[in-house]
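There are 2 protein chains.
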Amino acid sequence: MYKNAGKQTLIFGNDGDPASAPRITACASIVGPKEGEGPLGRDFDVVSQDIMFGKDTWEKAESEVARQAVEMAANKAGLRLEDIRFVLAGDLLNQCIGSSFGMRAVGRPFFGLFGACSTFGEALVLGAALVDGGWADHVISSASSHFCSAEKTFRFPLELGTQRTPTASWTVTGDGAAVVSAFGDGPRITAATAGKIVDMGIKDVSNMGAAMAPAVADTLTRHFADMNAGPDHYDVIATGDLGRIGKELLIELMFKEGYDLTKNFTDCGVEIYGPEQDAHAGGSGCACAAVTFSGHFYKKLTSGKIGKMLLVPTGALMNQTTAMQGESIPSIAHAVRIEGMQITDNR
Amino acid sequence: MYKNAGKQTLIFGNDGDPASAPRITACASIVGPKEGEGPLGRDFDVVSQDIMFGKDTWEKAESEVARQAVEMAANKAGLRLEDIRFVLAGDLLNQCIGSSFGMRAVGRPFFGLFGACSTFGEALVLGAALVDGGWADHVISSASSHFCSAEKTFRFPLELGTQRTPTASWTVTGDGAAVVSAFGDGPRITAATAGKIVDMGIKDVSNMGAAMAPAVADTLTRHFADMNAGPDHYDVIATGDLGRIGKELLIELMFKEGYDLTKNFTDCGVEIYGPEQDAHAGGSGCACAAVTFSGHFYKKLTSGKIGKMLLVPTGALMNQTTAMQGESIPSIAHAVRIEGMQITDNR
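So the protein lines, in turn, are chains A and B. The opening residue of the first sequence carries number 27 in my numbering; numbering runs sequentially from there. The opening residue of the second sequence carries number 27 in my numbering; numbering runs sequentially from there.
In isolation and in its complexed conformation, chain A is listed as follows (with noise of 0.2 Å):
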């Protein structure tokens, strides 16, 4: 019978204990323009002030972001590229490319992901499993976007110039990377639930918070429910890219649940842009759990300003095609929980 039998939770560490549990050793965070300028400019390792990162494509530019995250987090660290395992990665692009081309020059075992904005805790997720599992002493788990090819992907060809509406969120530019090792100092990867997709029957591809919370409130309910604990459990539960609309949404559903999550939630959309940055609903993008956790909450976790955080990358699964088939949008997102230096057993 597999571990935790029955949960939709993996309890990660030898018989459940946090500290041989897989840990975060590094990671690495590099931004575009936008994001330097928000908030959370400053938590960022590179920002660039060239949102074509020297490339001539909107495309390159993501894979060489892709590329310099991830060769960047083994080197802080301390590894060289053949340390790694695994690579697992992915990006919004069609077909991947951004993940695919990027880790062309990496060279290492690759898995490919896509669980739109939710790949980073795809991720994490898969990661853990097999550095607990014993297949791996060190992998990175990486996501990219790029608001310029995303625009191009799902919406209109930027020369349009297209109003956008107050719902719509925008794609972060840069890529998060995190390298999750068997030993190391670093918080650890205690525990993770894995989505299932919910599809609500929203359409409006301009509302992706919507689609998403109730995918979230799937997630997190499972999660709260394994764990025998709520949402007080935690010191900090952000979201991926729910947005300003859908994190009041994901509050009313867990209310509706038995949880209030008015205290310790936010939702790392919301976080890294201003409300001057005319982002409207916040910041959306496989980059933005990525840059936001592997930039902001990371440092917050190995500082022991946060002792025990769930972060739960959240995606929103439509295309091009589907929205213009009439097709609703289906959603999941992944709760990965992360505790800091100080590990408390306490559950």
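These are computed hints drawn from the structure, not numbers from a lab. Just so we're clear, the structure is a prediction, and the values are computed from it rather than from any experiment. Worth double-checking, as some hints may not be accurate.
Given that identical chains are not distinguished, each listed pair holds provided it fits within a single copy or across any two copies.
Claimed, not checked - Cross-link-like lysine-lysine pairs, in silico, DSS-like; alpha carbons within 25 Å at most:
#1 LYS325 x LYS289
#2 LYS178 x LYS229
#3 LYS229 x LYS81
#4 LYS33 x LYS102
#5 LYS81 x LYS178
Starting from the known structure of chain A, arrange chain B on it as the hints suggest.
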């Protein structure tokens, strides 16, 4: 230190005991009319005479066949969907909508994968690692593709009736799904070698066999070195969708590495269509390896006609935009070692 440190290959089973390795307790294979007319037609569980699978768009058809195959696989294994801890699935469509929309109804925790036509291999590697690591009793690994949706995504509108080059392949319509379990009867997944991305500069998107052959050579060479065994260790080595041209190239490349593949090597893309079916270089697409394994080779493994096989699904990781931007084609191949009912340990 992780299991099999220093090697690219994962060895499954406690202490390398193949009898305790994850096993494939059931497979489901559903295909379209052209695949049903091919040489393997009688091996598939379902041959649909309707390439639309009762739906009104090609994309909805692909989601439908993906759903049907996953549900059929669970059913054939004697399991309810609730018994499946995770579904790992992917496809070729933009943002993997074949899988995401198909898996809505399945309602299980979901990991979306993108490895182009290597996806079935990626799903088996990660699925076996999750089961062998103790994270699940049962997972389903699945991959789908559809001729019409793939042509539209990667090449030209079907309505144009564009003439195909002799090196072009024909995307397989269907889905192959395997139940990977910690217990029960079935061929064992005893080892797997996760591939690196290899790009030798091939730019012709109508000659994917040439682009992918070097990636297969890289994975195979590493697999043979890690296992201290050559091609003659296997009754069958089957690549995913190199097609006729890629198959010949791989034989040459491996000959230069000192390995003779002429005796027991075939390609699922070569097997699935007959010469009279006008499929040019052969079959391709995520479903090519998935249905050929699930329909054809799985039966040979369970009936004892094959003792050991190495399945090597192969993926070309480009998209339409990268081709137009002058990029070459990154490729990847994952090797999965599968042993029939009579396990003998001669490693």
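Now the hints, each set against the structure:
With identical chains, the CA atoms of LYS325 and LYS289 are at most 25 Å apart within one copy only, with a shortest distance of 21 Å there and 56 Å across copies. In the homo-oligomer, the alpha carbons of LYS178 and LYS229 lie at most 25 Å apart both inside one protomer (19 Å) and across protomers (23 Å), since each shortest distance falls under that limit. For the identical chains of this complex, LYS229 and LYS81 are inter-copy neighbours only, at 19 Å across copies versus 35 Å inside a copy, given an alpha-carbon limit of 25 Å. With identical chains, the CA atoms of LYS33 and LYS102 are at most 25 Å apart between copies only, with a shortest distance of 24 Å across copies and 35 Å within one.
In this assembly of identical chains, LYS81 and LYS178 lie within 25 Å of each other by CA distance solely inside one copy; the values are 17 Å within and 28 Å between copies.
Comparing the model with each earlier hint shows no violations; every hint is respected.
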